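In case you want the letters, here they are:
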Amino acid sequence: TQLLEQSPQFLSIQEGENLTVYCNSSSVFSSLQWYRQEPGEGPVLLVTVVTGGEVKKLKRLTFQFGDARKDSSLHITAAQPGDTGLYLCAGCAPNNAGNMLTFGGGTRLMVKP
Amino acid sequence: DTGVSQDPRHKITKRGQNVTFRCDPISEHNRLYWYRQTLGQGPEFLTYFQNEAQLEKSRLLSDRFSAERPKGSFSTLEIQRTEQGDSAMYLCASSLAYRGSNQPQHFGDGTRLSIL
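If you're matching them up, the sequences are chains A and B in order.
Heads up, the first sequence is in our numbering, so the first residue is 93 and it goes up one at a time.
Heads up, the second sequence is in our numbering, so the first residue is 2 and it goes up one at a time.
Calculated from the structure, these hints are not laboratory results.
Do not take every clue at face value.
Calculated cross-link-like contacts (lysine-lysine; reagent style DSBU-like; alpha-carbon spacing at most 35 angstroms) [claimed, not checked]:
(1) A/204 x B/12
(2) A/162 x A/204
(3) A/148 x B/58
(4) A/162 x B/15
(5) B/58 x B/72
(6) A/162 x A/151
(7) A/148 x A/162
(8) A/149 x A/204
(9) A/204 x A/151
Each pair of labels, with its calculated beta carbon distance range [what the hints assert, rightly or not]:
(10) B/45 x A/187: 30 to 38 angstroms
(11) A/95 x B/17: 32 to 40 angstroms
(12) B/10 x A/186: 44 to 52 angstroms
(13) B/74 x A/122: 47 to 55 angstroms
Under 8 angstroms between C-beta atoms, here's a sample of chain A residues computed to sit facing chain B [unchecked claim]:
(14) 125
(15) 133
(16) 135
(17) 187
(18) 191
(19) 192
(20) 193
(21) 198
Because the structure is a prediction, the values reported are computed rather than measured.
Built from N, CA and C at the ideal position, the CB exists for glycine as well.
Could you put together the complete structure from these sequences and hints?
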């Protein structure tokens, strides 16, 4: 069974601060997605990374896939209250023809104005 | 732009009752997934369909759970004889898979089930 561990579980910061969320596994993933989920809504896809060492940027968000494709990080620069939400990483195992996703437990971020 | 639609959004029922949820995927998507998310956790995979064929079921899907996608479009998830532990958010996602390429999954806003 492939597991994804996210850390920290909770993060409360002031507007303007930087933060990093980690997603780690002992297993290799063929791809990894980051989602953001708000209360009462479904997860919304932010990015997909597929190549070891890949870095993708989405405005103030920077996503990195580890060289061995076992871990990933999400870095937010100058966080804003609108960044508040649950951040989920989800991986797809190699040879997973159905593309079923294994999710981490999530990082709940609160950005205070 | 019509995304993934789930109905109902909320369901409250007494233990032992049967419940059925519906998911309407994005129209051109041939894959449909069901996930379950309990409070404070990430979603867990339950089952998926490619067109009308159910191709994979998680061990989480006990025999009280059944899912169908009769015409390869909408899907239903039924839970029989509900138990307190079934209380969760049930999420549906859809994607397009073709020629070995797997496109990202798009999620609906879920059905929140509460068992009294």
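Results of checking the hints against the structure:
1. Proposed proximity of residue 204 of chain A and residue 12 of chain B is supported: the alpha carbons are some 33 angstroms apart, at most 35 angstroms.
2. Restraint check: the Cα-Cα separation between residue 162 of chain A and residue 204 of chain A comes to about 32 angstroms, which is no more than 35 angstroms; the hinted pair holds.
3. Restraint check for residue 148 of chain A and residue 58 of chain B: the C-alpha separation of about 33 angstroms stays at or below 35 angstroms, so the hint holds.
4. Proximity of residue 162 of chain A to residue 15 of chain B is assessed by CA-CA distance (about 43 angstroms); at most 35 angstroms being required, the pair is judged violated.
5. Using a Cα cut-off of 35 angstroms, the hinted pair residue 58 of chain B and residue 72 of chain B holds, with the two alpha carbons roughly 19 angstroms apart.
6. At most 35 angstroms may separate the alpha-carbon atoms for a hinted pair to count; residue 162 of chain A and residue 151 of chain A meet this at roughly 25 angstroms.
7. At roughly 17 angstroms between alpha-carbon atoms, residue 148 of chain A and residue 162 of chain A fall within 35 angstroms of each other, so this suggested pair holds.
8. Taken as a hint, the residue 149 of chain A and residue 204 of chain A pair is honoured in the structure, with Cα atoms around 23 angstroms apart against an allowance of 35 angstroms.
9. A threshold of 35 angstroms between alpha carbons decides the hint, and for residue 204 of chain A with residue 151 of chain A the separation of about 20 angstroms falls inside it, so the pair holds.
10. Range check, residue 45 of chain B to residue 187 of chain A: Cβ separation about 20 angstroms, and the 30 to 38 angstroms hint is violated.
11. Our hint of 32 to 40 angstroms for residue 95 of chain A and residue 17 of chain B holds, since their Cβ atoms are close to 33 angstroms apart.
12. Between residue 10 of chain B and residue 186 of chain A the C-beta distance comes to about 36 angstroms, which lies outside the given range of 44 to 52 angstroms.
13. Roughly 28 angstroms separates the CB atoms of residue 74 of chain B and residue 122 of chain A, a value that falls outside the hinted 47 to 55 angstroms.
14. This hint holds: residue 125 of chain A has a C-beta 7 angstroms from the nearest C-beta of chain B, less than the 8 angstroms allowed.
15. Restraint check, residue 133 of chain A versus chain B: the minimum CB separation of about 5 angstroms is within 8 angstroms; hint holds.
16. For residue 135 of chain A, the suggested interface contact is upheld, since its CB lies about 5 angstroms from the closest CB of chain B, less than 8 angstroms.
17. With 8 angstroms as the threshold, the beta carbon of residue 187 of chain A stays out of range of chain B, its nearest partner Cβ sitting at about 12 angstroms, so the hint is violated.
18. The closest approach between the C-beta of residue 191 of chain A and any C-beta of chain B is roughly 4 angstroms, which is under the 8 angstroms cut-off, so the hint is satisfied.
19. A cut of 8 angstroms between beta carbons decides the hint on residue 192 of chain A: the least distance to chain B is about 5 angstroms, and the hint holds.
20. Nearest Cβ of chain B to the Cβ of residue 193 of chain A: about 6 angstroms, under the 8 angstroms cut. The hint holds.
21. The closest approach between the C-beta of residue 198 of chain A and any C-beta of chain B is roughly 5 angstroms, which is under the 8 angstroms cut-off, so the hint is satisfied.
Of the numbered hints stated above, those contradicted by the structure are hints 4, 10, 12, 13, 17, listed in ascending order.
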